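Undergrad: The listed protein sequences correspond, in order, to chains A and B. So for the first sequence, my numbering puts the first residue at 3; every next one is plus one. So for the second sequence, my numbering puts the first residue at 3; every next one is plus one.
Derived from the structure by calculation, the hints contain no laboratory data. This structure is a prediction, so every number in the text was calculated from the model and none was measured. Ideal placement from N, C-alpha and C gives every residue a C-beta, glycine not left out. It is possible that part of the hints are untrue.
One side only, chain A facing chain B, incomplete, derived with CB under 10 Å [said to hold, decoys possible]:
1. E76
2. W91
3. G108
4. T110
5. L241
6. P242
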Amino acid sequence: MEIVLCTDGLSKNYGAVRALDELTLEVGRGEVLGYLGPNGAGKTTTIRLLLGLITASAGSARAFGLDVAQHKAEVHARLAYVPGEATLWPSLTGAETLHLLASIHGQTDLGYRDLLMQRFDFDPSKKVRTYSKGNRQKINLIAAFSTRADLLVLDEPTSGLDPLMEQAFRHAVLEAKGNGQTVFLSSHILDEVEALCDRVAILRAGRLAEIGTLTQMRHLSALTVNASFPSDPPAVGHLPGVSAVQVVGRHLTCQVIGPVDTLLSVIAAAHPSMLLSREPSLEELFLSLYGSDEMHRDETYGEVPQ
Amino acid sequence: MNAWNPRMARTDGADVDVETMSGPSGQGSPQTQVLHTYRRPQWVLARFVARRTARSAILWGAVIGLYVYASTVGFTNLAPTPAGRQPFLAALAGNTGLKALYGIPHRIDTVGGFVTWRATGVISLVGALWGLLVATRVTRGEEAAGRWEPFLAGRTTDRQAAAQALAGLACALLLMLAIATAVTAAVGRRSDVRFGLGLSLLFAVAITAGAAEL
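Isolated chain A, as found in the complex (with noise of 0.2 Å):
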């Protein structure tokens, strides 16, 4: 597969603070990286660093085979970027603000972006200070989207967009990686990358804690086991990889890690009338990631700058 953006043992510290420790990933063409963090775990900084805006104090960023620090031009040209936070200009009308964005970008492609107008409900005709919140977000993304760019970088895109927008956002992110466009999605939003993206990696105090497909990551976490009995449940609490174990009544439900034929056979020798098993969906990944002891990262580091 042709990498489209790799970085090499990825550094940032502002001060003493370590926003960002040796971030080692690559990204292929056609890919959907999900991009996942608590707020504060160095997402807003990778990207920045991405795009070259902040200067690496280790390591270093490539994008189509050239260093991001040394041919921004070149690099910019090839990639579309949607900031977490719609800054945009009052005085400019909406349709100016998109003809604007275009300009900078160097090309877009009118025909989906009006296309994409439609989708997204967008009316480009008043000024932007009259627009809300989700609505100039639609600018940045329209923008975004209709240049047609080889890799889009997009930070927590969706933030104030409603429930019908993020399914139009979805389609659109669906319709770039169908065209062989490269997405890096940076979220908090989980439902979001688990619906969008083919690999998923997750940052955590500025480190990268995990990165696979959300199968991979599965493995990592426990499987929940629902079981009901004609009579009392057995006990499993001593069994190998089981924990979480609750009863109530005839119903048993727990968690196992690694191999479940030890758990199975005991289950089946009490004939159990039914039986549940659910894989980890992706909020259960992340919280078994971060637990309980994120407040003590958060007091550990205080506050990581973005």
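Given chain A's structure and the hints, the job is docking chain B onto it.
TA: Frame of chain A, contents of chain B only:
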């Protein structure tokens, strides 16, 4: 082939510069790409800054012109002959407050000397303040508001972007200079004044230099 729709481009803000088409038509199709390219995207910021500052440059150019006009007409209307103006000019030249405001007077018995004395200091100060405010607004102010980021994410570098912003400001200054020169030259055509175009330009450069310094 109906890939390019000029009417739509005009409603857009009026200056799609060059249109090119790549690939077959198919308006709005998610798969078919009909790309329109824009002329010199690396100079968008300069054009943007020039447009955003042009209105205030025109306004202040006109204010400078009006001040020069008022000073000139005021001088020539003071008295019909140079001898008649003398007592009044002597009183002005001896006024300490005016000296502090406008500087030491030189040859204020001539129309050129009088207008230069009245205009240079005051207008330079006003121009300097204008330059300071406008330059701060389009550089640091816009950056702090986060509105430089879209430009910096375009086909430019930090240095090029700063150079573009300065180039845009320079365009606005040239506009201000042109208006100040035009008004001075127009006033100079009066039979009792007679500033040449060259002198008018030199004078306008002198009085707008304050704005350019910043």
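Undergrad: Decide, hint by hint, whether the structure agrees.
TA: Against the structure, the hints:
{"no.": "1", "hint": "E76", "in the structure": "holds, 8 Å"}
{"no.": "2", "hint": "W91", "in the structure": "holds, 6 Å"}
{"no.": "3", "hint": "G108", "in the structure": "holds, 4 Å"}
{"no.": "4", "hint": "T110", "in the structure": "holds, 6 Å"}
{"no.": "5", "hint": "L241", "in the structure": "violated, 51 Å"}
{"no.": "6", "hint": "P242", "in the structure": "violated, 50 Å"}
Consistency note: the structure conflicts with the earlier hints numbered 5, 6.
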